[in-house]
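Visitor: What follows is the residue order along each chain.
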Amino acid sequence: QQQVKQSPQSLIVQKGGISIINCAYENTAFDYFPWYQQFPGKGPALLIAIRPDVSEKKEGRFTISFNKSAKQFSLHIMDSQPGDSATYFCAASISGNTPLVFGKGTRLSVIA
Amino acid sequence: DGGITQSPKYLFRKEGQNVTLSCEQNLNHDAMYWYRQDPGQGLRLIYYSQIVNDFQKGDIAEGYSVSREKKESFPLTVTSAQKNPTAFYLCASSGWDRRTYSGANVLTFGAGSRLTVL
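As given, the protein sequences belong to chains S and B, one line each in that order. Position one of the first sequence corresponds to residue 1 (the working numbering), numbered consecutively onward. Position one of the second sequence corresponds to residue 1 (the working numbering), numbered consecutively onward.
Everything labelled a hint here was simulated from the structure, so no lab data went into it. Just so you know, these numbers come straight off a predicted model, no measurement behind them. Please note that the accuracy of each hint is not assured.
Here are the simulated distance ranges between beta carbons [to be verified]: (1) S:Gly83 / B:Arg114: 20 to 30 Å; (2) S:Gly83 / B:Lys14: 33 to 43 Å; (3) S:Ala112 / B:Asn53: 45 to 55 Å; (4) S:Gly41 / B:Glu69: 36 to 46 Å; (5) S:Gln3 / B:Asp54: 17 to 27 Å; (6) B:Ala81 / S:Glu56: 39 to 49 Å.
For lysine-lysine, the following DSBU-like pairs were computed, each having C-alpha atoms within a straight-line distance of at most 35 Å [as the list claims (entries may be wrong)]: (7) S:Lys57 / S:Lys71; (8) S:Lys42 / B:Lys83; (9) B:Lys57 / S:Lys71; (10) B:Lys57 / S:Lys57; (11) B:Lys71 / S:Lys5; (12) B:Lys83 / S:Lys57; (13) S:Lys58 / B:Lys70; (14) B:Lys57 / S:Lys42; (15) S:Lys5 / S:Lys42; (16) B:Lys9 / S:Lys15; (17) S:Lys42 / B:Lys14; (18) S:Lys5 / B:Lys9; (19) S:Lys58 / B:Lys14; (20) S:Lys68 / B:Lys83; (21) B:Lys9 / S:Lys68; (22) B:Lys70 / S:Lys71; (23) S:Lys57 / B:Lys14.
Some chain S residues close to chain B (C-beta under 10 Å, calculated; not the full set) [stated by the list, open to error]: (24) Gln9; (25) Tyr36; (26) Met78; (27) Pro82; (28) Ala91.
Every residue gets a Cβ at the ideal spot worked out from N, C-alpha and C, and that includes glycine.
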């Protein structure tokens, strides 16, 4: 049973373009939605996170959009750069003590 | 610098052998986790521990064992009962998130251990 569905599996974007990765969740008790970035051979690192009482969170070129009624959230990377090429994971949890549930990941390639 | 240290980074073993992966953290985090990463499968939870001397099974615990005798350490043993042990193993710990809001847990990951069973 996959609780967090992520798409697309891979994405190629031109330098300067917008990268968009989508996630959908099933458990309405989830109240914490982070995105992690992973470079090859490294562990993932927290990129940005949101709670469901806001519809958008922006940090620099990275924005999370959250739609509670649709149970969906997405990551937008503005002005995508080759250095953004990595695998991105969305995740969800019930804040407090439950472990994160991860999506399957999106491999992003930003080409010049 | 605070962080998580996983060792070894690469490990080769023959089928039927048990192998133990080390994970040490100096972040003073209470909770620690083990995830397995396979291509196209995302991160799947093996075991997690919220306090010393206590741990819970994750989604794919079969063929694995853990211990949590110290707050700083959470070793994972891949036993011969694990049918497909070749994978990238990630250890993580969690503490309160000051960047987003109090009460949320942020996972800090180690650099991973790549296990290949020949």
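Visitor: Now tell me if each hint is right for this structure.
Guide: Verification of the supplied hints:
1. S:Gly83 / B:Arg114: 20 to 30 Å: Holds, since glycine 83 (chain S) and arginine 114 (chain B) (Cβ atoms, about 24 Å apart) stay within the stated range.
2. S:Gly83 / B:Lys14: 33 to 43 Å: Check passed, 40 Å falls within 33 to 43 Å.
3. S:Ala112 / B:Asn53: 45 to 55 Å: Once the Cβ atoms are compared, 53 Å apart, the range 45 to 55 Å for asparagine 53 (chain B) and alanine 112 (chain S) holds.
4. S:Gly41 / B:Glu69: 36 to 46 Å: Distance hint for glycine 41 (chain S), glutamate 69 (chain B) is violated at roughly 30 Å.
5. S:Gln3 / B:Asp54: 17 to 27 Å: About 24 Å separates the Cβ atoms of glutamine 3 (chain S) and aspartate 54 (chain B), which means 17 to 27 Å holds.
6. B:Ala81 / S:Glu56: 39 to 49 Å: holds, 46 Å
7. S:Lys57 / S:Lys71: Satisfied, since the Cα-Cα distance of roughly 16 Å is no more than 35 Å.
8. S:Lys42 / B:Lys83: Distance ~25 Å between lysine 42 (chain S) and lysine 83 (chain B) Cα, so the pair holds.
9. B:Lys57 / S:Lys71: holds, 27 Å
10. B:Lys57 / S:Lys57: holds, 33 Å
11. B:Lys71 / S:Lys5: Satisfied, since the Cα-Cα distance of roughly 33 Å is no more than 35 Å.
12. B:Lys83 / S:Lys57: violated, 42 Å
13. S:Lys58 / B:Lys70: violated, 38 Å
14. B:Lys57 / S:Lys42: Answer holds: lysine 57 (chain B) to lysine 42 (chain S) is near 25 Å, not above 35 Å.
15. S:Lys5 / S:Lys42: holds, 23 Å
16. B:Lys9 / S:Lys15: holds, 33 Å
17. S:Lys42 / B:Lys14: holds, 25 Å
18. S:Lys5 / B:Lys9: holds, 30 Å
19. S:Lys58 / B:Lys14: Between lysine 58 (chain S) and lysine 14 (chain B) the Cα gap is close to 48 Å, so the pair fails against 35 Å, i.e. violated.
20. S:Lys68 / B:Lys83: Roughly 39 Å between the alpha carbons, so the hint for lysine 68 (chain S) and lysine 83 (chain B) is violated.
21. B:Lys9 / S:Lys68: Violated, at roughly 40 Å.
22. B:Lys70 / S:Lys71: Since the Cα atoms of lysine 70 (chain B) and lysine 71 (chain S) sit roughly 39 Å apart, the hinted pair is violated (cutoff 35 Å).
23. S:Lys57 / B:Lys14: violated, 48 Å
24. Gln9: holds, 7 Å
25. Tyr36: holds, 8 Å
26. Met78: Status violated, d = 20 Å.
27. Pro82: With a minimum Cβ separation of about 22 Å from chain B (threshold 10 Å), the hint on proline 82 (chain S) is violated.
28. Ala91: At about 8 Å, which falls below the 10 Å cut-off, the nearest Cβ of chain B leaves the hint on alanine 91 (chain S) intact, so it holds.
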